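Colleague: Build out the structure end to end from the sequences listed, making use of the hints.
The listed protein sequences correspond, in order, to chains E and S. Here the first sequence stands for residues 0 to 411, numbered as in numbering that gives the first Met the number 0. Here the second sequence stands for residues 0 to 159, numbered as in numbering that gives the first Met the number 0.
Hints were generated in silico from the structure; no laboratory data involved.
Straight-line C-alpha distance at most 30 angstroms; calculated DSBU-like pairs for lysine-lysine:
1. Lys221(E) to Lys105(S)
2. Lys55(S) to Lys123(S)
3. Lys407(E) to Lys67(S)
Since the model is a prediction, treat every value here as computed from it, not as a measurement.
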Amino acid sequence: MNYKKIIRNSFSDIRPFTDNEVFRKKVTERAVQMENKKRKTMKKPLVAFCAVIAVLSLGVTAAAATGIINFNSIFGRIIRTEDEALGSSLIGNAENVEWTTSDEDYVVDFKGVTGSNEELIVSFEIARADGEPVEKYLNNKDLVEISGLSGIIKSITIDGEYPEHFGMSDHFSVNDNGNIEAFFTLNGYYFNNILSGKKITVKGISFYPTAELIDGKVPREKTVFFRKGYVEKYGFTEEEKAYLDSISVLNLEWSLEFTYSPSEAGEEKITLENPEEPVSIIFGKRDGKNASPAVNNGSEYIANLLSSYKKYEGRVVSFTADSIRAELSMVFDDDPKAVFESNLCTMKNEFTLIKKDGTETKMSMGTISTSLGETETEISVTFRYAKYNEIIAVDISEYEYLSINGTKFRIL
Amino acid sequence: MTEEKFCEIIGLYRESVFRTAYCYTKNSSDSEDITQDVFLKLYTYTGTFGSDEHIKAWLLRCTVNRCKNLVKSYWYRFSQAIDENTENIPQQDRRDSILPLIMKLKPKLRTVLYMYYFEEYTVKEIAEIIGESRTVVTTRLSRGRKKLKELLIKEGYDEL
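Modeller: Structure below.
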């Protein structure tokens, strides 16, 4: 038998398990369900728009279960524009924002949400009610500085259900104010995943130095969010709990809940000239003490990390008026300890929007999708950059170029 | 598309879609989900097709795109470590099946091999379906064959 026939025969072993009639029924049932869902979630844009404007202009406060959020305080920080309508069209809307913390000394300071119907990026901060920097109250602050800060997401639900077919990533760090800055991304990867109008609930438990958390004493699947609320469902063993308690730098359970609707701009795809052109993505060791690859686990991982990637090239995969996604292809070498942990690195990448007159607007970093990979396997890592703070309200049509670490793309 | 035509298309191309998805994901459940998604997309598609072959190429292109999205999602990469060892595709106990070895190749390589040898597409057609250049397809075919040969020798297959 020739090799072509053998290969062909081999592939014929792959067969679906159900018969065609059962399959057809499933597909048509899903089509009907999808149609019904669309009808139920159909929005009345004018009413929604008026409601948002009313909320914004009247400064109505929304009473949360354990905190009071003023919508002006949420959006006021984000939209620094004289044109409020433009601002509200460029960011996503979060309504019915509620949060809880297990310790009343701490608050969840919701910054905002941006994204599209299929993806959202949330920005929030864990701060102290008395205004003191959280950093002052972290145990083992030095190790956090060396290896970065990680949080454990206990669960996420969409309309009360554990999400199927959604990817998520998070990023925690100590910001310039000394508070815990958090970004959280949720993206559907099936075309019928719709986030608009959904109630998103995220729950987290405590904070840890990244190096200690990835040390392997607690299974990886429990320290990284897993679909269907893995941690919430399965919890930790007594031994794991004791270990986590011993390395925790801040014991704090928190939750954040809101109803999301995307901005118009989040649906607006922007086309770039030569999007396939590679760009360099920069990894760096953390500055200061962490430059020493000496003693602790964190440094060991950092050393492995930086020597474990053979390629440092990325490309822009998606760019909307609200956010940029850039993807980096990497190849692990044969270091068995190779593990990608974004919190262990500083990302010194510059995503900048450039106007025709040369004015530059830097974009803020959102989340980085971390990944575990096999040796010699090409993986991709997705960086999400978003327009937060005042730049969120820029009108993209004014800009001519997007620059990533010096590689310029013309916006078409 | 009429209900009758839709049934006919399922009969003709469902296995091709499933196999393509399996080449990428190496997981029956994900492949079944992707196959459902792709046919759902066809069911709700309002455009027209020139021929059945056109439909097939469209289905496979959707499948490849869906797979790429799935495989690059963070959740997928993470959960693979847990799922992949539990996967059990029925294996025929035949000397003429080398599927386990083919599945050891990288997804991109085995998908191109599948389209070339099983679906009998040309390099040009494969390039259009997977959205890559002809050079990329040729390289992947060549690498796929080379890697497969190495694996066969390692497993004691003297010659094919």
